[in-house]
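2 protein chains.
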Amino acid sequence: MQKVGILGGGQLGRMLLQAAANYPVITYVLENDPHCPAAHLCHHFVQGDIRDYDTVYHFGKQVDTVTIEIESVNVDALERLEAEGVKVYPKPSALRIIKNKVQQKLFYKDKEIPTAPFVILENREALRAHLGELPAVQKIGEGGYDGRGVHILHGPEDLEQGFDAPSVLEKLIPIKKELSVIVATNGHGENAIYPATEMVFHPELNLLDYQLCPADIPRETLWKAEAMAMMVVKGLASPGIFAVELFVDARGDVWVNETAPRVHNSGHHTIEAAYSSQFDMLWRLMLGYPLGNPEIRQPSALLNVVGAEGFEGDARYEGLDDILKMANTFVHLYGKKTTKPGRKMGHITLIGKDRQELVYQAGVIKKLFRVIA
Amino acid sequence: MQKVGILGGGQLGRMLLQAAANYPVITYVLENDPHCPAAHLCHHFVQGDIRDYDTVYHFGKQVDTVTIEIESVNVDALERLEAEGVKVYPKPSALRIIKNKVQQKLFYKDKEIPTAPFVILENREALRAHLGELPAVQKIGEGGYDGRGVHILHGPEDLEQGFDAPSVLEKLIPIKKELSVIVATNGHGENAIYPATEMVFHPELNLLDYQLCPADIPRETLWKAEAMAMMVVKGLASPGIFAVELFVDARGDVWVNETAPRVHNSGHHTIEAAYSSQFDMLWRLMLGYPLGNPEIRQPSALLNVVGAEGFEGDARYEGLDDILKMANTFVHLYGKKTTKPGRKMGHITLIGKDRQELVYQAGVIKKLFRVIA
Chain A
1 MQKVGILGGG
11 QLGRMLLQAA
21 ANYPVITYVL
31 ENDPHCPAAH
41 LCHHFVQGDI
51 RDYDTVYHFG
61 KQVDTVTIEI
71 ESVNVDALER
81 LEAEGVKVYP
91 KPSALRIIKN
101 KVQQKLFYKD
111 KEIPTAPFVI
121 LENREALRAH
131 LGELPAVQKI
141 GEGGYDGRGV
151 HILHGPEDLE
161 QGFDAPSVLE
171 KLIPIKKELS
181 VIVATNGHGE
191 NAIYPATEMV
201 FHPELNLLDY
211 QLCPADIPRE
221 TLWKAEAMAM
231 MVVKGLASPG
241 IFAVELFVDA
251 RGDVWVNETA
261 PRVHNSGHHT
271 IEAAYSSQFD
281 MLWRLMLGYP
291 LGNPEIRQPS
301 ALLNVVGAEG
311 FEGDARYEGL
321 DDILKMANTF
331 VHLYGKKTTK
341 PGRKMGHITL
351 IGKDRQELVY
361 QAGVIKKLFR
371 VIA
Chain B
1 MQKVGILGGG
11 QLGRMLLQAA
21 ANYPVITYVL
31 ENDPHCPAAH
41 LCHHFVQGDI
51 RDYDTVYHFG
61 KQVDTVTIEI
71 ESVNVDALER
81 LEAEGVKVYP
91 KPSALRIIKN
101 KVQQKLFYKD
111 KEIPTAPFVI
121 LENREALRAH
131 LGELPAVQKI
141 GEGGYDGRGV
151 HILHGPEDLE
161 QGFDAPSVLE
171 KLIPIKKELS
181 VIVATNGHGE
191 NAIYPATEMV
201 FHPELNLLDY
211 QLCPADIPRE
221 TLWKAEAMAM
231 MVVKGLASPG
241 IFAVELFVDA
251 RGDVWVNETA
261 PRVHNSGHHT
271 IEAAYSSQFD
281 MLWRLMLGYP
291 LGNPEIRQPS
301 ALLNVVGAEG
311 FEGDARYEGL
321 DDILKMANTF
331 VHLYGKKTTK
341 PGRKMGHITL
351 IGKDRQELVY
361 QAGVIKKLFR
371 VIA
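Going line by line, the protein sequences match chains A and B. So for the first sequence, the working numbering puts the first residue at 1; every next one is plus one. So for the second sequence, the working numbering puts the first residue at 1; every next one is plus one.
Honestly, the hints are just simulated from the structure, not real lab data. Treat each hint with caution, since some may be false.
[Claimed, not checked] Some chain B residues close to chain A (C-beta under 8 Å, calculated; not the full set):
# : residue
1 : Y23
2 : H40
3 : L41
4 : D54
5 : Y57
6 : W223
7 : A227
8 : T338
[Stated by the list, open to error] Derived DSS-like pairs (lysine-lysine); straight-line CA-CA distance at most 25 Å:
#  : chain 1 : residue 1 : chain 2 : residue 2
9  : B       : K337      : A       : K353
10 : B       : K87       : B       : K3
11 : A       : K344      : A       : K325
12 : A       : K325      : A       : K176
13 : B       : K61       : A       : K337
14 : B       : K87       : B       : K109
15 : A       : K325      : B       : K234
16 : A       : K3        : B       : K325
17 : A       : K325      : B       : K367
18 : B       : K3        : A       : K344
19 : B       : K337      : A       : K61
20 : A       : K87       : B       : K61
21 : A       : K3        : A       : K87
22 : B       : K325      : A       : K234
23 : A       : K3        : B       : K337
24 : A       : K325      : B       : K87
25 : A       : K61       : A       : K87
26 : A       : K61       : A       : K109
[Claimed, not checked] Where chain A lies over chain B, by a calculated footprint (3+ residues, C-beta under 8 Å):
#  : segment
27 : 14 to 21
28 : 241 to 250
29 : 318 to 329
Just so you know, even glycine gets a beta-carbon here, dropped at the ideal spot from N, CA and C.
Taking the hints into account, I'd like the entire structure generated from these sequences.
Spelled out as structure tokens, the structure:
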């Protein structure tokens, strides 16, 4: 039986391991926290730091294949493992490009993939020369994750808040829609493209409210989005699964925002909504099976379950019974013991025939349900 | 977080634990074989004999709730655990009735639930007085499982093959269809009935070929089957999930064959075909959540993947790539290292709009796919 190791033991690892149990495979997880969401769902849990060279190298030497569930891993160790014959998904060369947002932006530019105009800044001081370009988005090169390391600088008065590290300063695109296109590629020319997902943001809070799949976009926009996602994946030249986040502007132009070289939050609905979920798909790639079917069985909405503001401690799920009584909901709680504001604690998928019904029900769930302590 | 223990670590435990990872729960498994399909998917694996009183009792004392994935467990220990406040699904009283096929038959008779006419035999010698009733089905009282402990005695010449133990001798019903109705009940008057599943047998080999859901039966037959399944479940007076197997005869009469007080092979299609799978449903019951929605999203067929005749050893899956390429298949392999003839190694679910297409495709899969060594 093949041995596959996952770097990181969060909810993505947890869902990967749920899907792994459909196949003959021996699973390993490397993660510092022995109580992480994935720790108890693998054959072999190894406690250790995914950012440490020796730890990752020795972990990888035990297995046939390594994958990641988070980008902040030791890429040097993965490169050595790859050189020594371990299969790595995604390839370390692709991970290195994506992991650093400066490199990622330069990659899009190099491959002529439409992305918001930008300048590279070495440090906070370098920002002074670009104050005229504000408001703009600043993204730190290394270490950003899950909303951290990205902010808007509104004007010269925000100079002191600028990151004092290599970063990207990016023109604000007048966004009409945010999309995600997930692509699986086996490295032998075969690809599977999931239907585009649309991110719906709260009009006032500017936070992701819920996702809808398929996205409500004209066919031409979809074609552009898919073509651009494929350009990214071909440019990265690595087998694996990739979530390409895109903006659609008021004119209908499409821009690549960012890419994740792994299973992604924007694909969680595929567990119930698609024939082959993003997690199933990655196992197929890693185990050398044919690609799965990315088509969706039914339209879906997805809400993230995050810790409510003002609550920190042992998690309680207010309104859970109401949600579980709904005929078309699928609740995924990640088993995290403690909540804090904004922490991802789970997600809820709705499936249905009708977009309007899904949007309405997503609103109901948001009112009924919250994670408190 | 609640602690739930499972007695047995086979494929049913494996699929239960896949579903458990959607909820906050600490899981325990008791099983002799540390390499069993479920061993690596729980928080705490305990190696031990599910038939041993002390082992089961001490295992159960660690948790809030105990369930089973096989009937051959120590019921005395479960009774003591129940008396000491541990929740047990199903109740030991129900398990005691079902576990012994003599008791199970007497239960149906007592509750006036239609079942094939029968006599109880104390031993092989007692068979002599009933040779005139052959051909008939003989079922051993204790210890039968998965086809073992059941056979047909064709005539007096089969006397020596009769079980020399307490058994049921049952009239052969002229079976037109075999059905399974799965019912979940929470013990507070709420029930969820899954759509009936139809077992399709090979016309020559008389082995289960595949299952179809929903069953192709007249509405009146479905009503009878559901009513009888509910009679069984009410009679057992226990919360839990129950698979009631039924015969339909040529006249359209419905007879209860057997009941399983747990998740069951005839419900595996519910993972992809229903809103709430049988595994999800049992977690909802055990964790005190509302019942799930047993309705099906799409019609389905299910094939068991069993070890091919003539092969014993490390399992290999011939034709697996062909199956994985099909747009509507869901492959579940249970991760068992070795195969032998007839061993359950996995199952394949197909979903589709059309019964005829599903039947055709099930036939194709049977030709393409086998487990060899």
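Hints versus structure:
1. With a least beta-carbon distance of about 6 Å to chain A, the hint placing Y23 of chain B at the interface is held under the 8 Å criterion.
2. The beta carbon of H40 of chain B is positioned within 8 Å of a beta carbon in chain A (closest approach about 4 Å), and the interface hint is therefore held.
3. Evaluation of the L41 of chain B hint against chain A yields a held restraint, the C-beta minimum of about 6 Å falling below 8 Å.
4. Nearest Cβ of chain A to the Cβ of D54 of chain B: about 26 Å, over the 8 Å cut. The hint is violated.
5. Annotation: Y57 of chain B was flagged as interfacial toward chain A, and the flag is violated, the nearest CB pair being 24 Å apart, outside 8 Å.
6. Using the Cβ-Cβ criterion of 8 Å, the hint placing W223 of chain B at the interface with chain A is not satisfied: the shortest such distance is roughly 22 Å.
7. The interface hint given for A227 of chain B is violated, since its Cβ lies 23 Å from the closest Cβ of chain A, which is over the 8 Å cut-off.
8. At its closest, the beta carbon of T338 of chain B sits 11 Å from a beta carbon of chain A; the interface hint therefore is violated under the 8 Å criterion.
9. About 42 Å separates the Cα atoms of K337 of chain B and K353 of chain A, which puts this hinted pair outside 25 Å; it is violated.
10. For the suggested pair K87 of chain B and K3 of chain B, the alpha carbons sit about 11 Å apart, so the restraint of at most 25 Å is met.
11. Note on K344 of chain A and K325 of chain A: the hinted pairing holds, with a Cα-Cα distance of about 22 Å set against a maximum of 25 Å.
12. Our distance criterion of 25 Å between C-alpha atoms is broken by K325 of chain A and K176 of chain A, whose separation comes to about 35 Å.
13. Taken as a hint, the K61 of chain B and K337 of chain A pair is honoured in the structure, with Cα atoms around 23 Å apart against an allowance of 25 Å.
14. For the hint pairing K87 of chain B with K109 of chain B, the CA-to-CA distance comes to about 29 Å; that exceeds 25 Å, so the pair is violated.
15. For the hint linking K325 of chain A to K234 of chain B, the alpha-carbon distance of about 23 Å falls within 25 Å, and the restraint holds.
16. Distance restraint check for K3 of chain A and K325 of chain B: the Cα-Cα separation of roughly 23 Å lies within the 25 Å cut-off, and the hinted pair is therefore satisfied.
17. About 42 Å separates the Cα atoms of K325 of chain A and K367 of chain B, which puts this hinted pair outside 25 Å; it is violated.
18. Taken as a hint, the K3 of chain B and K344 of chain A pair is honoured in the structure, with Cα atoms around 23 Å apart against an allowance of 25 Å.
19. Restraint check for K337 of chain B and K61 of chain A: satisfied, since their Cα atoms lie roughly 23 Å apart, inside the 25 Å limit.
20. A C-alpha spacing of about 44 Å is found between K87 of chain A and K61 of chain B, which places the hinted pair above 25 Å, so the restraint is violated.
21. At most 25 Å may separate the alpha-carbon atoms for a hinted pair to count; K3 of chain A and K87 of chain A meet this at roughly 11 Å.
22. Proposed proximity of K325 of chain B and K234 of chain A is supported: the alpha carbons are some 23 Å apart, at most 25 Å.
23. Distance hint between K3 of chain A and K337 of chain B is fulfilled; the C-alpha atoms sit about 13 Å from each other, no more than 25 Å.
24. Distance check on the hinted pair: K325 of chain A and K87 of chain B sit about 23 Å apart at the alpha-carbon level, within 25 Å; holds.
25. With a C-alpha separation of about 11 Å, the suggested pair K61 of chain A and K87 of chain A falls inside the 25 Å cut-off, and the hint holds.
26. Proposed proximity of K61 of chain A and K109 of chain A is contradicted: the alpha carbons are some 36 Å apart, above 25 Å.
27. Chain A is given as covering the segment 14 to 21 of chain B, and this holds because 5 residues of the stretch bring a CB closer than 8 Å to a CB of that chain, at least three being needed.
28. As drawn, the segment 241 to 250 of chain B meets chain A at 0 residues by the rule of a beta-carbon pair under 8 Å; below three, the given contact is violated.
29. With 6 residues having a beta carbon nearer than 8 Å to a beta carbon of chain A, the segment 318 to 329 of chain B meets the requirement of three or more and the stated coverage holds.
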